[in-house]
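We have chain A already, so just place chain B on it with the hints.
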Amino acid sequence: GNSVTQMEGPVTLSEEAFLTINCTYTATGYPSLFWYVQYPGEGLQLLLKATKADDKGSNKGFEATYRKETTSFHLEKGSVQVSDSAVYFCALSDAMEGGSEKLVFGKGMKLTVNP
Amino acid sequence: EPEVTQTPSHQVTQMGQEVILRCVPISNHLYFYWYRQILGQKVEFLVSFYNNEISEKSEIFDDQFSVERPDGSNFTLKIRSTKLEDSAMYFCASNDRRNTEAFFGQGTRLTVV
Chain A
10 GNSVTQMEGP
20 VTLSEEAFLT
30 INCTYTATGY
40 PSLFWYVQYP
50 GEGLQLLLKA
60 TKADDKGSNK
70 GFEATYRKET
80 TSFHLEKGSV
90 QVSDSAVYFC
100 ALSDAMEGGS
110 EKLVFGKGMK
120 LTVNP
Chain B
21 EPEVTQTPSH
31 QVTQMGQEVI
41 LRCVPISNHL
51 YFYWYRQILG
61 QKVEFLVSFY
71 NNEISEKSEI
81 FDDQFSVERP
91 DGSNFTLKIR
101 STKLEDSAMY
111 FCASNDRRNT
121 EAFFGQGTRL
131 TVV
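Which chain is which? The protein sequence lines are A and B, in order. Take 10 as the starting number for the first sequence in this note's numbering and just add one per residue. Take 21 as the starting number for the second sequence in this note's numbering and just add one per residue.
These are computed hints drawn from the structure, not numbers from a lab. There's no promise every hint is true.
[Stated by the list, open to error] For lysine-lysine, the following DSBU-like pairs were computed, each having C-alpha atoms within a straight-line distance of at most 30 angstroms: (1) A:Lys116 x B:Lys62; (2) B:Lys103 x A:Lys77; (3) A:Lys58 x B:Lys62; (4) A:Lys77 x A:Lys119; (5) A:Lys65 x A:Lys77; (6) B:Lys103 x A:Lys116; (7) A:Lys119 x A:Lys61; (8) A:Lys116 x A:Lys61; (9) A:Lys65 x B:Lys62; (10) B:Lys62 x A:Lys86; (11) B:Lys103 x A:Lys61; (12) A:Lys77 x A:Lys116; (13) B:Lys62 x B:Lys77; (14) A:Lys69 x B:Lys62.
As the structure is a computational prediction, the values presented were derived from the model and not from experiment.
Bound conformation, chain A alone (with noise of 0.2 angstroms):
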């Protein structure tokens, strides 16, 4: 069936630090990929999804590119804020083809920032 691998975290960076979140997923299909972020107290949000080989999703600064060779949606910022302290979530989803609507998500990786 389809999974979800991302890193695990928890990781903590300085204001302004580069980050990268990796994601790889396997599925037998071509499934829409997404980010899901989730800040404190708050429910599950959509960061940014590709639906397609190639596309890349960006989002407040955020991108990931789907890369069907290496199977892997990284997700890559600049500059990070101390705003951006969450969890992160990759998940994929095969309902553009016809297939579940449901999502799969990986394991969640949170984040912190500090100033």
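Below, chain B without anything else, positioned relative to chain A:
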């Protein structure tokens, strides 16, 4: 901005008791979901619900679980006889059609003692 709301935010219950977790999805949404996350583990899909019936469920969603949309606005998850291993964060989500962003609630932390 419309949001999915879940109540309560934290519930403690004794093993063997029934518990109902409540969710109010975004009003024009048609697809509803429950997920859970046991501490330190992955967020796992439990069930999806569309057109007043379950459209998909995971193997976790056994006879002890049920979902209902009793009044057109609430979407509930009932666990009939809770076990210690049901302790987790439960997330409700909804979206308005296939292949669109799912909006999540803030979660209910269920602790079974």
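Going through the hints against the structure:
At most 30 angstroms may separate the alpha-carbon atoms for a hinted pair to count; A:Lys116 and B:Lys62 meet this at roughly 4 angstroms. Restraint check: the Cα-Cα separation between B:Lys103 and A:Lys77 comes to about 41 angstroms, which exceeds 30 angstroms; the hinted pair is violated. Distance check on the hinted pair: A:Lys58 and B:Lys62 sit about 19 angstroms apart at the alpha-carbon level, within 30 angstroms; holds. A C-alpha spacing of about 26 angstroms is found between A:Lys77 and A:Lys119, which places the hinted pair at or below 30 angstroms, so the restraint holds.
At roughly 12 angstroms between alpha-carbon atoms, A:Lys65 and A:Lys77 fall within 30 angstroms of each other, so this suggested pair holds. At roughly 23 angstroms between alpha-carbon atoms, B:Lys103 and A:Lys116 fall within 30 angstroms of each other, so this suggested pair holds. A threshold of 30 angstroms between alpha carbons decides the hint, and for A:Lys119 with A:Lys61 the separation of about 27 angstroms falls inside it, so the pair holds. Restraint check for A:Lys116 and A:Lys61: the C-alpha separation of about 23 angstroms stays at or below 30 angstroms, so the hint holds.
Proximity of A:Lys65 to B:Lys62 is assessed by CA-CA distance (about 25 angstroms); at most 30 angstroms being required, the pair is judged to hold. Using a Cα cut-off of 30 angstroms, the hinted pair B:Lys62 and A:Lys86 holds, with the two alpha carbons roughly 23 angstroms apart. Restraint check for B:Lys103 and A:Lys61: the C-alpha separation of about 41 angstroms exceeds 30 angstroms, so the hint is violated. A distance of roughly 21 angstroms separates the Cα atoms of A:Lys77 and A:Lys116; the hinted pair therefore holds under the 30 angstroms criterion.
Restraint check for B:Lys62 and B:Lys77: the C-alpha separation of about 17 angstroms stays at or below 30 angstroms, so the hint holds. In summary, the hint linking A:Lys69 to B:Lys62 is supported, as the alpha carbons are separated by about 25 angstroms, within the 30 angstroms threshold.
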